[in-house]
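Position chains B, C and D against the provided structure of chain A, taking the given hints into account.
Protein chains: 4
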Amino acid sequence: MITFENDYSCGAHPAVLQRLLETNLVPQPGYGADAYSENARQKIRAACACPDAEVFFLSGGTQTNAVVLASILQPWEGVIAAQTGHIHVHEAGAPEALGAKILPLPERLGKLDPGELWSLAASLLADENIEHMVYPGAVYISHPTEWGTLYTKAELQAISEVCKEFHMRLYLDGARLAYGLMAKDSDVDLPLIASLCDAFYIGGTKCGALCGEAVVFPQGAPAHFCNFIKKHGALMAKGRLCGVQFDALFTDGLYSEIGRCGVEMAERLKIILAKHKIPCFMDTPTNQQFAVLENARYNAIREKVPVGFWSNPDPGHTIVRFATAWYTTDAYLEALDSVLSACPCTE
Amino acid sequence: MITFENDYSCGAHPAVLQRLLETNLVPQPGYGADAYSENARQKIRAACACPDAEVFFLSGGTQTNAVVLASILQPWEGVIAAQTGHIHVHEAGAPEALGAKILPLPERLGKLDPGELWSLAASLLADENIEHMVYPGAVYISHPTEWGTLYTKAELQAISEVCKEFHMRLYLDGARLAYGLMAKDSDVDLPLIASLCDAFYIGGTKCGALCGEAVVFPQGAPAHFCNFIKKHGALMAKGRLCGVQFDALFTDGLYSEIGRCGVEMAERLKIILAKHKIPCFMDTPTNQQFAVLENARYNAIREKVPVGFWSNPDPGHTIVRFATAWYTTDAYLEALDSVLSACPCTE
Amino acid sequence: MITFENDYSCGAHPAVLQRLLETNLVPQPGYGADAYSENARQKIRAACACPDAEVFFLSGGTQTNAVVLASILQPWEGVIAAQTGHIHVHEAGAPEALGAKILPLPERLGKLDPGELWSLAASLLADENIEHMVYPGAVYISHPTEWGTLYTKAELQAISEVCKEFHMRLYLDGARLAYGLMAKDSDVDLPLIASLCDAFYIGGTKCGALCGEAVVFPQGAPAHFCNFIKKHGALMAKGRLCGVQFDALFTDGLYSEIGRCGVEMAERLKIILAKHKIPCFMDTPTNQQFAVLENARYNAIREKVPVGFWSNPDPGHTIVRFATAWYTTDAYLEALDSVLSACPCTE
Amino acid sequence: MITFENDYSCGAHPAVLQRLLETNLVPQPGYGADAYSENARQKIRAACACPDAEVFFLSGGTQTNAVVLASILQPWEGVIAAQTGHIHVHEAGAPEALGAKILPLPERLGKLDPGELWSLAASLLADENIEHMVYPGAVYISHPTEWGTLYTKAELQAISEVCKEFHMRLYLDGARLAYGLMAKDSDVDLPLIASLCDAFYIGGTKCGALCGEAVVFPQGAPAHFCNFIKKHGALMAKGRLCGVQFDALFTDGLYSEIGRCGVEMAERLKIILAKHKIPCFMDTPTNQQFAVLENARYNAIREKVPVGFWSNPDPGHTIVRFATAWYTTDAYLEALDSVLSACPCTE
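Residue numbers (our numbering), protein chains in the order written: chain A, 1 to 347; chain B, 1 to 347; chain C, 1 to 347; chain D, 1 to 347.
If you're looking for bench data, these hints aren't it; they were derived computationally from the structure. Worth double-checking, as some hints may not be accurate.
Where chain A lies over chain C, by a calculated footprint (3+ residues, C-beta under 8 angstroms) [as the list claims (entries may be wrong)]:
hint: 1; region: 73 to 86
hint: 2; region: 217 to 228
Here are a few chain D residues that sit away from chain B, every Cβ distance over 10 angstroms (derived from the structure) [said to hold, decoys possible]:
hint: 3; residue: Leu25
hint: 4; residue: Lys43
hint: 5; residue: Ala47
hint: 6; residue: Lys153
hint: 7; residue: Ser195
hint: 8; residue: Leu235
hint: 9; residue: Leu254
hint: 10; residue: Arg260
hint: 11; residue: Arg268
hint: 12; residue: Ser311
Source: prediction; values computed, not measured. We put the beta carbon where it would ideally sit given N, CA and C, even for glycine.
Extracted from the complex, chain A is given alone in its bound form:
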């Protein structure tokens, strides 16, 4: 069995699972007060070069986005995001359910444009009716974005400066951060992110863990954040489950290794797609590749291998996501190559 449907199709990276095995019967306090969570927090602080950061572990990405955004927004504020932002499109309204109205901006290769961000914030704050509107209180970006693209260091700095100018918090969704950090030619690393963001999360679920995301507040967390997590149903009794996993992920470079594997497999995937004359929707340096397929070919392929539906750019075509991950092997790629050969272009 193989799959390119997403990057959460298998369990945990074997080294993560091994660590769960080793620690399984050592009793620990609950709710994140265990020694493994503390170790993981220390390692994450070190990786971020941010010794005073506060770190929390939540179980999933949508939950994390909603809880963190709600915690950093004031009641009169909303969050600016790209129209394609995960929080705006694929979270079933979870941020709004916690009170965070989303102020959408057009996406530019999946990203926010610093100039457009400046204009929106400036025009909102200059609006004479602002007290009847939603103030721009935070900016949501994802890195990699929903299209698998990456911000450059200069872009992140520009966005951060806009945020500072308008007293907006900068929040980065790092669901697939491992793949972003290890992309070729990227100049963005964890210390940079920690130096620019007010909050961000290091994704576990899609980067080698069974579940779990590590939320980092470089300058400290909102007051009583643990109570806030509990109130929104996101406090795990066995906090150790995330603690052990992130401890493993941040030991001996495993998180980087996972990212590197996913990216390398994606580069080889691109070659296979090109060989079969499948155009990519945009050039993407991370582990998700978005291909444009005529519907007949899409349907033929999906019968043989799981791939991810993304959208219909027109009635006759489908944009399809091919995702690699730490568990993608040569055998996966070879099998895909065969499938694509058996499903030629129909146009």
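Relative to chain A, chains B, C and D alone:
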């Protein structure tokens, strides 16, 4: 290291972890559409003798209580619970955050009294001002209760009849259901619960899993419940994590075995407490024993072994929870015996 | 036609209506920026001897309670109230719908007892599990209470001291404040309330206005409170409607006169009830009198004059509210006397 | 004093105020059970040719939009609206605060285009990831729109058909409905609206009342809607206040007369704007005219007469709203003519 602090101090039952290992690299679809989750659902339906039940897996208890209650209540309804109910006291307001006002009743050994339940529902619905009040829409019970006590079959039937009379849904929180099902002399089993409740959950986190609770709707789930879970941040991308674990828990009687172990260890714990002249707050047939300690003795004990603070019945005493679980061993009990010998009564 | 059903059965005090007539065609800005609202704010500040108070006008009591409580509570906090508190019983869950869990205390003649308040706050804040619970963040009292009773100056000071000790905000619901301020022997006035409370409202709807409540924050309002009001649907476009009315109510002692009238009529009502051997549920110095009637007599009376159902203390009796107001006249009382003569005691 | 700032600058139409005076001292039950409210409901049903409609009175527009939308949406649904829709831009996030995520569409002269609506609904419902998204459950339109434009009968029918095809409810915000109904050449009347919408409201605040909006559910209201109103702080104790006013508004054609006056004054306003070479942003047949002014001229004008800021199409210009209403007189127009003469074009 030993602990009696709670029943979620260790990882997973070894058989559960073994199953995670075996299935780790088999790719599966996300969000609960995997084969393991489907197997687990079938086994749970069989165990409940309820072939048409709908089953969902969520990651934790507070989340499950809030999401399920919100899904079964109408906007004009609230939920009746014992004053000691977990949703009322120890969930940081999570149910209210999703719109479920709690209508408290006195607890009788941790339980709701069917007669008092009848009176409350009847008086609310007869109140001429009810349209300015909160209608009784559901009844929350836990089994075992927060005091570790159990309903009898007759009590559950009586409560169910009151619910039916007043068109209230009956919801059972089974965070520690394994220990309740295996308690000596209990006449309550899963088919009975499934026949009486509109919704309940079979606890995993405290009964051998790393995380996860299995929500069962015997007569079918609310419409679009999966979207509702997502909206409230509770949909796991790797649904397989819960699926594999519950598949293991409901294979070869493991869930019962876990319950049996916890209860047996609790029975032996009771003997040790009695030997050391430590009175229990009430007689409890499950895995939690609530002991009344003078504060000095409590402080002496907690320095040597983790136990759970519960409450202060008076300024000089503390009610302390001693919890057993599937991981409690003879060595745990022997060590406790020694600790208690070293911390004699101070009164 | 006469009525004793409540204190909002008629329109506005004629002097209030007259002021609406006089100002009707003078154009003014919206949303509370009109000159009448500003006048009213100045007069209320003067009446409260609190020149720096911030004052806002909302349209009704339930709305005001929910919005103000939500604005002064932190996400981890709830509000302590008497079990009989209006917010707990008769607001359809409105405070909880805005996130304010209510922590109930027993009522003592409708009031909170300062000692019991101290004990609850102290025990919550000492609870080792408080991070899983709801912190006590505010205290809700009503003056007059739901039973028409009044706090003394000493009681309010004692409650305020408890609040200060535990960093809780004190909020006073003054839906019927006019009647409380003018009750015989009360030593509580507006400057005292303003000196002790963090927020309170001066009721208009039940004290002579068509609608409207004046919220007072003696030490300043929460940031962007106007936006908060808007967000919760409570910002009136024609803010002048409340402004003009409160301007009139706080001109030439009208608010006091309204209170005095209601109280005086209630004193005469008590004499009539006593003459007809109708016992009061408790001794009440304000405009609401709660009488205990056998059900047959209650039903006979309500056919002839509107009175208010309150509750059933036992299956054979009903507690009935007889409310007076600024519009209660001698003719009302004489008509009631006749009705009661025609509906004798049936026991 | 004159104003063109908005259409809620004065009190009530004199005939409305007169009716409040006449009824002031007639006691009535609270919460909308009064005879005046019942009369008003009957007259509205008749005006809508919809004898089975359920009618409720709320105090303001933002409140009404949020409460009604929340009541007609299922938990998995959101509401489609134009990007310029009042609920999306000028309600401080009130709909989202009650759980209604807004799905924006481009505006076409302030309106939704039926074809674009069809495409959005169709593409959402065909999306394979819809269970992670927000279903289109309702469509919000305003008539007149935020730009003062009007739907034609054919456009409303086309939108209604799209709604029916996709099982979406159609909701119409009629804050300024009087002016829309009386616009020249409009073929939309109340019976048409009632026949096409699942819910709509007839605006009072901006059409002659002190406050109040009449919500109409032509096919019946959501269950326990009165409780829902209460829960969201929108139930008026003195329901008579709205009842009396709408009774007056729907007696002897007053609502139409108010609309006719506002529209006629707007037509004369347009002539004055044209005379002074002030371009309108678009051709608008109702009581709001949006003029494009260079900033210097805008600032000169606003010092002499209140007008409404709308937006900045570019840094040097401002779009300004000139609103007429039932209280706009010849003297208002003459004064404006003089002001504009004194503030010539600066470009």
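Can we trust that D/Arg268 is non-interface, i.e. its beta-carbon lies farther than 10 angstroms from all of chain B? holds, 47 angstroms
Is it the case that D/Lys153 keeps its Cβ farther than 10 angstroms from each residue Cβ in chain B? Since the minimum Cβ distance to chain B is about 35 angstroms, D/Lys153 lies beyond 10 angstroms and the statement holds.
Are all C-beta atoms of chain B more than 10 angstroms from that of D/Lys43? holds, 25 angstroms
Evaluate the condition: distance from the CB of D/Leu235 to the nearest CB of chain B exceeds 10 angstroms. With a cut-off of 10 angstroms, D/Leu235 comes too close to chain B, as the shortest Cβ separation is near 8 angstroms.
Measuring Cβ to Cβ, find out whether D/Leu25 lies farther than 10 angstroms from everything in chain B. holds, 26 angstroms
According to a criterion of three or more residues whose C-beta lies within less than 8 angstroms of a C-beta of chain A, is the region 73 to 86 of chain C covered? holds (count 3)
Beyond 10 angstroms from every Cβ of chain B: is that where the Cβ of D/Arg260 lies? holds, 39 angstroms
Chain A over the region 217 to 228 of chain C, status - at least 3 residues with CB closer than 8 angstroms: Our answer is that it holds, as 5 residues pass the Cβ test (under 8 angstroms) against chain A, meeting three.
Take a quick look at D/Ala47 and tell me if its Cβ sits farther than 10 angstroms from every Cβ on chain B, holds or violated. holds, 27 angstroms
Over 10 angstroms to the closest beta carbon of chain B is the bar; see if D/Ser311 clears it. Holds: least Cβ distance 33 angstroms, greater than 10 angstroms.
D/Ser195 remote from chain B - nearest C-beta pair above 10 angstroms: At roughly 28 angstroms from the nearest Cβ of chain B, D/Ser195 sits farther out than 10 angstroms, so the non-interface label holds.
Please settle this one: D/Leu254 was flagged as non-interface, so is its CB more than 10 angstroms from every CB on chain B? Given a closest Cβ separation of 31 angstroms, the condition holds.
Comparing the model with each earlier hint shows a violation of hint 8 alone; every other hint is respected.
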